[in-house]
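Residue 222 in the numbering used here sits at position 192 of the sequence shown, with consecutive numbering throughout.
There may be inaccurate statements among the hints.
[To be verified] Quick list of the computed label-pair ranges, beta carbon to beta carbon:
hint, residue 1, residue 2, range
1, T221, A97, 18 to 24 Å
2, G143, N175, 36 to 42 Å
3, D185, V107, 35 to 41 Å
4, G52, A218, 19 to 25 Å
5, A100, R241, 25 to 31 Å
6, D184, R241, 21 to 27 Å
7, E203, A131, 29 to 35 Å
Hints were generated in silico from the structure; no laboratory data involved. Glycine residues also receive a C-beta, built at the ideal position from the N, C-alpha and C atoms.
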Amino acid sequence: MPPDLVVTPIRDAATIILLRNGVEGPRVLMGQRGAKAVFMPSKYVFPGGAVDVADGDVPMASPLDAALHAGLTARSVSNPQAIAAAAIRELAEETGQVIGAPGAGCDWPGFEGLIPDPQPLRFVFRAVTPPGPPRRFDARFFLANADAVCTDPDDFSAAEDELGHLHWVPLAEARQLDMPFITEIVLAEITALIEDGSTAGVPFLDNSAERSAIHRL
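Modelling step: build the complete structure from the supplied sequences, incorporating the hints.
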């Protein structure tokens, strides 16, 4: 294996799939990465990104529930609260949508008078980027209902410019977009969860070793 594939660090990352139900069916919030982005250029993705060191020190409105904590600590030594906090922060930065509860002490932009709240998060998928790309992540995917945001779900004016074309995509049509393969897999998992409410464990696509492995957390 070429040396550059071996030394690429794997960073913790977190993503939120925001689900919005309506008479026309479920929709998910997606945006398009810039054409000059180093990682997955021009692809449609869910809002998310790398976990920052400071995410572990962010006050939370409530503790992680038992199921969420158990899922995030399975086959992992990473700080579960930092991962959940990163998911909420990335959602706010990239879309302007905030999942938080009234309170003080959070210095993230857009959270004035609020504290991030992990209660609406459901851990649904985990995947490690395979060797090859210039950046690799151990990404955790969370599902949250749009009813949990305390912002206008149609207002993206507070979003940063990392994602363009932010819009609510009908779940049945989402896979027609140009997206990474892993995003297609997650969409299929989300569709199955919505249709049958499966609770058979969180799928973990582990590409951290020479051979890929699939686990249930």
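Hint-by-hint comparison with the structure:
no. : hint                    : verdict
1   : T221 - A97: 18 to 24 Å  : holds (21 Å)
2   : G143 - N175: 36 to 42 Å : violated (22 Å)
3   : D185 - V107: 35 to 41 Å : holds (38 Å)
4   : G52 - A218: 19 to 25 Å  : holds (21 Å)
5   : A100 - R241: 25 to 31 Å : holds (26 Å)
6   : D184 - R241: 21 to 27 Å : violated (45 Å)
7   : E203 - A131: 29 to 35 Å : holds (33 Å)
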